[in-house]
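A.B. asks: Heads up: the sequence lines are chains A and B, in that order. Under the UniProt record's numbering, think of the first position of the first sequence as 1, with each following residue one higher. Under the UniProt record's numbering, think of the first position of the second sequence as 1, with each following residue one higher.
Think of the hints as simulated: they come from the structure by calculation, not from any bench. Here a beta-carbon is modelled for each residue, glycine too, at the ideal position from N, C-alpha and C. One or more hints might be untrue.
[Claimed, not checked] Cβ pair distances, simulated, as ranges:
{"hint": "1", "chain 1": "B", "residue 1": "Gly-185", "chain 2": "A", "residue 2": "Ala-160", "range": "44 to 54 Å"}
{"hint": "2", "chain 1": "B", "residue 1": "Glu-240", "chain 2": "A", "residue 2": "Leu-101", "range": "48 to 58 Å"}
{"hint": "3", "chain 1": "B", "residue 1": "Arg-225", "chain 2": "A", "residue 2": "Gly-167", "range": "50 to 60 Å"}
{"hint": "4", "chain 1": "A", "residue 1": "Phe-184", "chain 2": "B", "residue 2": "Ala-128", "range": "33 to 43 Å"}
{"hint": "5", "chain 1": "A", "residue 1": "Gly-167", "chain 2": "B", "residue 2": "Asp-175", "range": "27 to 37 Å"}
[Unchecked claim] Residues from chain B that keep clear of chain A, each with C-beta distances beyond 12 Å, as calculated:
{"hint": "6", "residue": "Asn-51"}
{"hint": "7", "residue": "Leu-87"}
{"hint": "8", "residue": "Gly-138"}
{"hint": "9", "residue": "Met-139"}
{"hint": "10", "residue": "Leu-151"}
[To be verified] Okay, the calculated bits of chain B under chain A, using three or more residues with CB under 8 Å as the criterion:
{"hint": "11", "stretch": "95–107"}
{"hint": "12", "stretch": "221–228"}
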Amino acid sequence: MRRKPWLTALQGAVVPLLLLALWQAASSAGLANAKIMPSPVAVAVRWWAYLAPADPYDPAVGSYLTWIFSGELIHDAIGSLYRVVMGFLVGAVLALPLGLLMGASTKAFRWLNPLVEVLRPIPPIAYIPLSILWFGLGNPPAIFLISLGAFFPVLVNTIAGVRQVDGIYLRAARNLGAGPLTIFRRVMLPAATPYILSGVRIGIGTAFIVVIVSEMIAVNNGLGFRILEAREYFWSDKIIAGMFTIGLLGLAIDSGVTRINTHLLRWHRGLEH
Amino acid sequence: MADILIDHVHKRFPIPEGEVVALKDINLDIAQGEFVCLLGPSGCGKSTLLNAIAGFSNPTDGTITVGGKAVTGPGPDRGMVFQEYALFPWMTVAKNIRFGLEIKGMANDAADARVTELLDMLGMREFANRFPKDLSGGMRQRVAIARVLALDSPVLLMDEPFGALDALTRRSLQDELLKIWSRLGKTIVFVTHSIEEAIYLADRIIVLTYRPGTVKSDVRVEMARPRDAASPEFNALKRELSRLVTEEQQRHEAAERAGLTTD
Numbered sequence: 001m002r003r004k005p006w007l008t009a010l011q012g013a014v015v016p017l018l019l020l021a022l023w024q025a026a027s028s029a030g031l032a033n034a035k036i037m038p039s040p041v042a043v044a045v046r047w048w049a050y051l052a053p054a055d056p057y058d059p060a061v062g063s064y065l066t067w068i069f070s071g072e073l074i075h076d077a078i079g080s081l082y083r084v085v086m087g088f089l090v091g092a093v094l095a096l097p098l099g100l101l102m103g104a105s106t107k108a109f110r111w112l113n114p115l116v117e118v119l120r121p122i123p124p125i126a127y128i129p130l131s132i133l134w135f136g137l138g139n140p141p142a143i144f145l146i147s148l149g150a151f152f153p154v155l156v157n158t159i160a161g162v163r164q165v166d167g168i169y170l171r172a173a174r175n176l177g178a179g180p181l182t183i184f185r186r187v188m189l190p191a192a193t194p195y196i197l198s199g200v201r202i203g204i205g206t207a208f209i210v211v212i213v214s215e216m217i218a219v220n221n222g223l224g225f226r227i228l229e230a231r232e233y234f235w236s237d238k239i240i241a242g243m244f245t246i247g248l249l250g251l252a253i254d255s256g257v258t259r260i261n262t263h264l265l266r267w268h269r270g271l272e273h
Numbered sequence: 001m002a003d004i005l006i007d008h009v010h011k012r013f014p015i016p017e018g019e020v021v022a023l024k025d026i027n028l029d030i031a032q033g034e035f036v037c038l039l040g041p042s043g044c045g046k047s048t049l050l051n052a053i054a055g056f057s058n059p060t061d062g063t064i065t066v067g068g069k070a071v072t073g074p075g076p077d078r079g080m081v082f083q084e085y086a087l088f089p090w091m092t093v094a095k096n097i098r099f100g101l102e103i104k105g106m107a108n109d110a111a112d113a114r115v116t117e118l119l120d121m122l123g124m125r126e127f128a129n130r131f132p133k134d135l136s137g138g139m140r141q142r143v144a145i146a147r148v149l150a151l152d153s154p155v156l157l158m159d160e161p162f163g164a165l166d167a168l169t170r171r172s173l174q175d176e177l178l179k180i181w182s183r184l185g186k187t188i189v190f191v192t193h194s195i196e197e198a199i200y201l202a203d204r205i206i207v208l209t210y211r212p213g214t215v216k217s218d219v220r221v222e223m224a225r226p227r228d229a230a231s232p233e234f235n236a237l238k239r240e241l242s243r244l245v246t247e248e249q250q251r252h253e254a255a256e257r258a259g260l261t262t263d
């Protein structure tokens, strides 16, 4: 018998709700300094203020829809998301062909792998000073850093994916008369997709970490910038509201990517339920 | 008329301690439309010989000619069915069967018609849009057979194709294969280590020796099909082949033990 989904959801909510209640009780009892550890209610109120439009609705300024989405949080989230997407695309678009080449050709692998191995352990964060020197402030250095964060996971997984392709598929394809190009496009590439997509998922995860860091350093909007700004004003409730938003956005991105992967890999054994 | 001509074929593999002679001076002449089983214990070189005919690995010495052309590499004139099915898991059943046709450059309509015809022939029409992971082993092997039949190659090479199937599925695929064979008149080279399977299927059974692989015996099976595994004739042949194969199996085991003690 299958478990009812709402029951599972309800069960999952018990512990967080309990913790929230405990936190609220501690705050109400005056156990915590509200300046540095605000109550959940204060955070929720602040989150709403952060989300809601700042000005009252005025038809002269724009449509109702633009007003609804005129809140600071929405702008920050869109800014962060834009950087993640752009940075990820730049990184993945460079990593994918290179990974396919390095996976398929032993020669290319021998030439390029040492360089990859030397550069890969350098965390994208370590490129911050250089990225500011090269690109100044704003989106360019952020996108540069994010693309670095996405580049290596996609690259390494693509290489591994192509290299692990089972020889039996190549033999079957050759037996059916396939030439090298057809084998690459219709056998090696699809056979490598489970690996490539897990690289994509890790790459997007890394991109999301790097976006927050880069916004704290080089950009003056976005969720990362906002929580650092809130610290300067001692708005601890806004810091936590921002962190909560970052978590939600990360969760939304990851479940979106997982959904796409599940669809693309519907033929794959590993996803059987 | 000879369809497959194996002429003084040797195959040696280098190993750290020297070399393994997998095949030694194999000479065979397989007629068009003949159903030949290569029989022997593992290590006797039967798969090596099949792979050489398929063009996956060239003989060290000697030549193999199929349909008058020397074999230099794999090609769709010699369709291969593998024990592990080797279906492309990212393609549906229909797309797997279609793959070879697309490579051939067949027009869309013609390819669709051919796929449908093959699905019907193997009774798999309702599986057209399934992925291989959703099929049983028997169904997967049917798809693999349909995939090579699509190419319309005169020669079918089968490497222990039913080895991983349960006895009942195995028998029904054997019958299906015989039906296809008698209908389409293909030349079939079928590798197996099952004596009973070889007698059930083949016109001719070639028993290979354990290293070096040579032809130990070349037996014609004259029984009418469908063959009854309980008949005295069947069992007499089974006893004889069993004796030949067991000798080679014992050599195999002795060699293995010798290999272990020298380590």
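A.B. asks: Take the hints in turn and mark each one as holding or not.
C.D. replies: Here is what the structure says about each hint:
{"no.": "1", "hint": "B:Gly-185 <-> A:Ala-160: 44 to 54 Å", "in the structure": "holds (46 Å)"}
{"no.": "2", "hint": "B:Glu-240 <-> A:Leu-101: 48 to 58 Å", "in the structure": "holds (57 Å)"}
{"no.": "3", "hint": "B:Arg-225 <-> A:Gly-167: 50 to 60 Å", "in the structure": "violated (36 Å)"}
{"no.": "4", "hint": "A:Phe-184 <-> B:Ala-128: 33 to 43 Å", "in the structure": "violated (27 Å)"}
{"no.": "5", "hint": "A:Gly-167 <-> B:Asp-175: 27 to 37 Å", "in the structure": "holds (32 Å)"}
{"no.": "6", "hint": "Asn-51", "in the structure": "violated (9 Å)"}
{"no.": "7", "hint": "Leu-87", "in the structure": "violated (8 Å)"}
{"no.": "8", "hint": "Gly-138", "in the structure": "holds (18 Å)"}
{"no.": "9", "hint": "Met-139", "in the structure": "holds (15 Å)"}
{"no.": "10", "hint": "Leu-151", "in the structure": "violated (7 Å)"}
{"no.": "11", "hint": "95–107", "in the structure": "holds (count 4)"}
{"no.": "12", "hint": "221–228", "in the structure": "violated (count 0)"}
Hint compliance for this structure: hints 3, 4, 6, 7, 10, 12 are broken, all remaining hints hold.
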